[in-house]
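So in our numbering, spot 244 of the sequence shown is number 245, and the numbers just go up one at a time.
One or more hints might be untrue.
What the hints assert, rightly or not - Derived Cβ-Cβ restraints for the label pairs, each shown as a range:
| no. | residue 1 | residue 2 | range |
| --- | --- | --- | --- |
| 1 | Arg252 | Trp27 | 13 to 23 Å |
| 2 | Thr236 | Thr54 | 29 to 39 Å |
| 3 | Arg191 | Leu48 | 44 to 54 Å |
| 4 | Thr178 | His47 | 42 to 52 Å |
| 5 | Thr201 | Asp34 | 34 to 44 Å |
| 6 | Leu48 | Ile192 | 47 to 57 Å |
| 7 | Glu239 | Ile25 | 14 to 24 Å |
| 8 | Arg252 | Asp34 | 26 to 36 Å |
What the hints assert, rightly or not - Taking lysine to aspartate or glutamate and the EDC-like style, the derived pairs with C-alpha atoms no more than 20 Å apart in a straight line are:
| no. | residue 1 | residue 2 |
| --- | --- | --- |
| 9 | Lys62 | Asp34 |
| 10 | Lys51 | Glu24 |
| 11 | Lys62 | Glu28 |
| 12 | Lys62 | Glu24 |
| 13 | Lys51 | Glu28 |
| 14 | Lys251 | Asp186 |
| 15 | Lys251 | Glu200 |
| 16 | Lys78 | Asp34 |
| 17 | Lys51 | Asp81 |
| 18 | Lys86 | Glu200 |
| 19 | Lys253 | Glu182 |
| 20 | Lys51 | Asp23 |
| 21 | Lys251 | Glu166 |
| 22 | Lys62 | Asp23 |
| 23 | Lys251 | Glu239 |
| 24 | Lys51 | Asp34 |
If you're looking for bench data, these hints aren't it; they were derived computationally from the structure.
Where is the CB? At the ideal position from N, CA and C, for every residue including glycine.
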Amino acid sequence: MPPRINRSLTSSARATLTSMPDEILWEICLRVDNLGGLAQVCRRLHLFSKSNTLRAQYLVKTYGRPYAMFHAIARPKIFDPLLCKALIAAGATISLALVQELTKVISVSRAFRSRARGQTHICLSRHSHYIQRYFSSGNARIEYAKKDSWCLNLTFLAATAVIIEGAIRYSHLRLETSEMELFLDWTTGRIALSRAALETMFLERQFAPLPLRMEQYKASYTKNLLSNVLENAATVSELLYAQLIHNSRKRKTPVVSSGPAKIKMTKT
């Protein structure tokens, strides 16, 4: 039998949260495990939870800078161009791998293509070649376009916002190889990569291993992606921390983390 809820205590807590200073309420929102659940407590918290700045800071704090954008994209109901910009302002990174995998899914999605008709004008002209190249069917991998793919339900505007940000960063590159495929080939021992090549991948192209399937997204990262290659886990951890230091120096801000970025897998 479930425990009885003390209605007077619930009302008292709601009244306390309603009258609390914005600064304290903001910090509370950033520290809870379930921001969506907290938003249902009272109207003021509900309004707070709709702030893109708060959402961005929450995602960065919860998943780390390398994975905040990935987890935001996996929440198509809230992810839009404004949240994308807020995440970048909060320090979230956009890797070449993320842009590649995003375009692989949506380029073979009929539903996405139908939503995209008549809206291609938002593809900025100076990035159009890059965007067209990644939207072409020749770069699409059909096996990624499952109904439960992590980004399949994005709006056209939201997806293109990420791709344009990727174009700004990586349009000078002419890499035909998928970053994730390259990484998986290295972790499984099919190819050898030098330390310098790995550092270029992690630091210049902001790589972070992505759990692309929803079954990977819901389960343990180590079990799904590195279960057979644990000898490489230490190297990946070192490179992710080096990426954190590298980005901190570019922004000239102190590193707040005491170690490598944690990869958290939680249900959306």
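Hint-by-hint comparison with the structure:
Separated by about 22 Å at the C-beta atoms, Arg252 and Trp27 satisfy the suggested range of 13 to 23 Å. The supplied range of 29 to 39 Å is met by Thr236 and Thr54, whose beta-carbon atoms lie about 35 Å from each other. As the Cβ distance of Arg191 to Leu48 is approximately 51 Å, the hint placing it in 44 to 54 Å holds. At about 45 Å, the CB distance of Thr178 to His47 agrees with the hint of 42 to 52 Å.
In this structure the supplied range 34 to 44 Å holds for Thr201 paired with Asp34, their Cβ-Cβ distance being about 36 Å. Taking the beta carbon of each, Leu48 and Ile192 are about 51 Å apart, inside 47 to 57 Å as hinted. Range check, Glu239 to Ile25: about 37 Å between beta-carbon atoms, so the 14 to 24 Å window is missed. Checked against the hint of 26 to 36 Å, the pair Arg252 and Asp34 passes, with Cβ atoms roughly 28 Å apart.
Pair hint Lys62 plus Asp34 holds up; C-alpha atoms about 11 Å apart against a cutoff of 20 Å. The straight-line distance between the Cα atoms of Lys51 and Glu24 is roughly 16 Å, inside the 20 Å bound, and the hint therefore holds. With a C-alpha separation of about 11 Å, the suggested pair Lys62 and Glu28 falls inside the 20 Å cut-off, and the hint holds. With a CA separation close to 17 Å, the supplied pair Lys62 and Glu24 stays within the 20 Å bound.
The suggested pairing of Lys51 with Glu28 holds, with an alpha-carbon distance near 15 Å, which does not exceed 20 Å. Distance check on the hinted pair: Lys251 and Asp186 sit about 30 Å apart at the alpha-carbon level, beyond 20 Å; violated. About 16 Å separates the Cα atoms of Lys251 and Glu200, which keeps this hinted pair within 20 Å; it holds. Of the supplied pair hints, the one linking Lys78 and Asp34 holds, its CA atoms being roughly 19 Å apart against a limit of 20 Å.
Only pairs whose Cα atoms come within 20 Å are accepted, and Lys51 paired with Asp81 is accepted, the gap being roughly 12 Å. This hinted pair does not check out: Lys86 and Glu200 have alpha carbons roughly 26 Å apart, beyond 20 Å. A hinted pair counts as satisfied when its Cα atoms are at most 20 Å apart, and Lys253 with Glu182 does not qualify at roughly 33 Å. Note on Lys51 and Asp23: the hinted pairing holds, with a Cα-Cα distance of about 14 Å set against a maximum of 20 Å.
Restraint check for Lys251 and Glu166: the C-alpha separation of about 18 Å stays at or below 20 Å, so the hint holds. Under the criterion of a C-alpha separation no larger than 20 Å, the hint pairing Lys62 with Asp23 is consistent with the structure, at around 19 Å. A distance of roughly 18 Å separates the Cα atoms of Lys251 and Glu239; the hinted pair therefore holds under the 20 Å criterion. Between Lys51 and Asp34 the alpha-carbon distance is near 16 Å, which keeps this suggested pair within the 20 Å criterion.
Of the numbered hints given earlier, the model fails hints 7, 14, 18, 19; all others are met.
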